[in-house]
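**Student:** Each chain is listed here by its residues.
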Amino acid sequence: MVPTNYYVILSAILFGLGVFAFIFKRNVITIFMSIELMLNAVNLAFVAFSQALGKLDGQVFVLFVIVVAAAEAAVGLGIIILIARNRQTLNVERVDLLKL
Amino acid sequence: MFPRAIDMYRVLPELMWCGFGVLVMFLQPFVRGRQFFTFLALLGSLAGTGAAFASFLHGGPGFSGLVQSDSFTFFFRLLVGSVSFLVVLAAGPYLDREKLPIAEFYALLFFATAGMGVLASAQELLTAFIGLEMSSISSYVLAGYRRDSLKSSESAMKYFLLGSFATAFFLYGIALVYGATGTTLLDKMALTDGTSTLLKLGLALILIGLGFKVAAAPFQVWTPDVYEGAPTPVTALFSAGPKAAAFALLLRIFATVPAATQYWFWAFWVLAVLTMFAGNLGALVQTNMKRLLAYSSIAHAGYILVAFAAVTSMAQGGSSEAAPAYAAVLFYLLSYALVKLGAFTIVSQLGGTGEKNLSLDDYAGLSQRQPFVAAMLSIYLLSLLGLPVTAGFFGKFYIFKAAVNSHLISLAVLMAINSVIGAYYYLRVIVVMYMREPSAEAAAAGPVPFPLGVNAVLLITFVGTILFGVYPNPVINFILRPNLLAH
Numbered sequence: 001m002v003p004t005n006y007y008v009i010l011s012a013i014l015f016g017l018g019v020f021a022f023i024f025k026r027n028v029i030t031i032f033m034s035i036e037l038m039l040n041a042v043n044l045a046f047v048a049f050s051q052a053l054g055k056l057d058g059q060v061f062v063l064f065v066i067v068v069a070a071a072e073a074a075v076g077l078g079i080i081i082l083i084a085r086n087r088q089t090l091n092v093e094r095v096d097l098l099k100l
Numbered sequence: 001m002f003p004r005a006i007d008m009y010r011v012l013p014e015l016m017w018c019g020f021g022v023l024v025m026f027l028q029p030f031v032r033g034r035q036f037f038t039f040l041a042l043l044g045s046l047a048g049t050g051a052a053f054a055s056f057l058h059g060g061p062g063f064s065g066l067v068q069s070d071s072f073t074f075f076f077r078l079l080v081g082s083v084s085f086l087v088v089l090a091a092g093p094y095l096d097r098e099k100l101p102i103a104e105f106y107a108l109l110f111f112a113t114a115g116m117g118v119l120a121s122a123q124e125l126l127t128a129f130i131g132l133e134m135s136s137i138s139s140y141v142l143a144g145y146r147r148d149s150l151k152s153s154e155s156a157m158k159y160f161l162l163g164s165f166a167t168a169f170f171l172y173g174i175a176l177v178y179g180a181t182g183t184t185l186l187d188k189m190a191l192t193d194g195t196s197t198l199l200k201l202g203l204a205l206i207l208i209g210l211g212f213k214v215a216a217a218p219f220q221v222w223t224p225d226v227y228e229g230a231p232t233p234v235t236a237l238f239s240a241g242p243k244a245a246a247f248a249l250l251l252r253i254f255a256t257v258p259a260a261t262q263y264w265f266w267a268f269w270v271l272a273v274l275t276m277f278a279g280n281l282g283a284l285v286q287t288n289m290k291r292l293l294a295y296s297s298i299a300h301a302g303y304i305l306v307a308f309a310a311v312t313s314m315a316q317g318g319s320s321e322a323a324p325a326y327a328a329v330l331f332y333l334l335s336y337a338l339v340k341l342g343a344f345t346i347v348s349q350l351g352g353t354g355e356k357n358l359s360l361d362d363y364a365g366l367s368q369r370q371p372f373v374a375a376m377l378s379i380y381l382l383s384l385l386g387l388p389v390t391a392g393f394f395g396k397f398y399i400f401k402a403a404v405n406s407h408l409i410s411l412a413v414l415m416a417i418n419s420v421i422g423a424y425y426y427l428r429v430i431v432v433m434y435m436r437e438p439s440a441e442a443a444a445a446g447p448v449p450f451p452l453g454v455n456a457v458l459l460i461t462f463v464g465t466i467l468f469g470v471y472p473n474p475v476i477n478f479i480l481r482p483n484l485l486a487h
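In the order they appear, the protein sequences are chains Z and V.
Numbering of the first sequence is given in the working numbering, commencing with residue 1 and proceeding in unit increments.
Numbering of the second sequence is given in the working numbering, commencing with residue 1 and proceeding in unit increments.
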């Protein structure tokens, strides 16, 4: 059996990749996908801990996270479509009306 | 297993808000009248706030400890309920002026309020997460409510991306805490061994996630942009509601979990100093009123974090004298919410159709054109500054006292320095309003009309600011109750 540590480390790596992509990518869709990656890293951690602790509640949490991520995706994609229509671009560096 | 009736009582305000939100959405296709929805929204926010009394009378833990209905919850439910009531009053005329759909706005406002209520009453981390997301997801939509405006959609995008980023941190923190302690219930977590690295890491991530929500530096960069771009009544909501709810959760976490108190003292110390300076120094150079108030709200989050540092440092010494520091946070959030709502409502109304007149120059000679409005705005700004006879004075005074009592002298000094910096930009607005001549076109345009709803908001916030500024005892006595937080 694969030890729990490995799963947790994998989830940390996935989370880190998500943070990295969030900071360095310029396309809104890619940034949005990096957030989804971070949320799924969380799911992996929950399931791994749930298995290690021998409790089921961690797996229930995953269902909640999936539902919330879906709601967030619906709203987020709506906002991205709005941006794309208003400005004809998906590059966040060109969405820069609000600044000092 | 069906929840007991008493459980329902304990989440009654949230049920009310959600119910009215659904009702508004259901009626939207059938009813044309805009007044009708405003009336329904006023009724709904009052019903939810009234229900807070019912759940306070039937207090105690609900849903096997997922939520907690105690005095602390009651305070925050009243606070967010009143905030949403005032936002409805201010938003009605605004939405009419900007020719925006009205029913959806109120539905979203209700869901956001319900989320804040859940956040304030959560005794379990995943429940808190659901509350946080309920309020955040509605807020993302509200920020972009002026769909055709480039600024508003940009504000929604920034808020959405950074808000979800913060949420992911918060959630990963929950996962690690769950892994370390095997539970997400705060009171069970308090009983576990608090020394594991995993727990420390998880708590740190939770702090980062909530730091984003309360706009603590270095996680504050989104605040000015989002506040500037969002419709102004929504900005008023953001500055008062979600922030108070996130602070409520932070307060509850480390009132309950001793491990959190131990590790968060220096984190709060550093966050408080960074946030105060980031807010006040940023505000110095602003020429747009909404941005100025946004930076000022960052600075105020910094002052509140000073009280948090005081709470943690006292709890570290093992004394139970942290109660005045808790009271300082609660009173500050109350006084601050009143003032910010009033100030943003004035800014919203003076902005005119399309929110064009937001620059500081548009406020030149306001005292000649609209003496009452100028006087009101001055009172709000003086309360933000913390002058006596306003609620802001006692708010700042209690925080100062808490910091000194817990021997955080250097932090108190830094706070005083920041108040002086703050004086410069608050007084500058007052000087512009009273000492400068209005521009020719502003003088020609005549006074901006103030509709009934807006006047009502100004009256309520003004009376509240002065009342709590001269007679804060009832509130203070309530929040100094020994059983403020039931465990």
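Derived by calculation from the structure, the hints in this document are not laboratory data.
Take the hints with a grain of salt, since some may be wrong.
[Stated by the list, open to error] Quick list of in silico lysine-lysine cross-link-like pairs, DSSO-like style, CA-CA up to 27 Å:
id	chain 1	residue 1	chain 2	residue 2
1	V	K401	V	K356
2	V	K99	Z	K25
3	Z	K55	V	K151
4	V	K356	Z	K55
5	V	K188	V	K200
6	V	K401	V	K151
7	V	K356	V	K99
[To be verified] Chain V regions said to be covered by chain Z (calculated; three or more residues, Cβ under 8 Å):
id	stretch
8	24–30
9	124–135
10	139–151
11	219–229
12	249–255
13	434–448
Beta carbons are placed, not taken as given, at the ideal position from N, Cα and C, and that holds for glycine.
**Student:** Take the hints in turn and mark each one as holding or not.
**Tutor:** Do the hints match the structure? See the list:
1. Taking the CA atoms of V/K401 and V/K356, the gap is about 42 Å. The hint is violated against a cut of 27 Å.
2. For the suggested pair V/K99 and Z/K25, the alpha carbons sit about 37 Å apart, so the restraint of at most 27 Å is broken.
3. Restraint check for Z/K55 and V/K151: the C-alpha separation of about 47 Å exceeds 27 Å, so the hint is violated.
4. Taking the CA atoms of V/K356 and Z/K55, the gap is about 57 Å. The hint is violated against a cut of 27 Å.
5. The suggested pairing of V/K188 with V/K200 holds, with an alpha-carbon distance near 16 Å, which does not exceed 27 Å.
6. A C-alpha spacing of about 41 Å is found between V/K401 and V/K151, which places the hinted pair above 27 Å, so the restraint is violated.
7. For the suggested pair V/K356 and V/K99, the alpha carbons sit about 15 Å apart, so the restraint of at most 27 Å is met.
8. For the stretch 24–30 of chain V, the assignment as covered by chain Z is violated, since 0 residues bring a beta-carbon within under 8 Å of that chain's beta-carbons and 3 are needed.
9. Beta-carbon proximity to chain Z at under 8 Å applies to 4 residues in the stretch 124–135 of chain V; the threshold of 3 is reached and the given coverage holds.
10. Remark: the stretch 139–151 of chain V is confirmed as covered by chain Z, as 7 of its residues place a Cβ nearer than 8 Å to a Cβ of that chain, reaching the required three.
11. Chain Z is given as covering the stretch 219–229 of chain V, and this holds because 4 residues of the stretch bring a CB closer than 8 Å to a CB of that chain, at least three being needed.
12. Counting residues of the stretch 249–255 of chain V whose beta-carbon sits less than 8 Å from any beta-carbon of chain Z gives 0, not enough to reach three: the coverage restraint is violated.
13. Only when three residues or more bring their CB closer than 8 Å to a CB of chain Z does the claim for the stretch 434–448 of chain V stand; here the count is 0, and the claim is violated.
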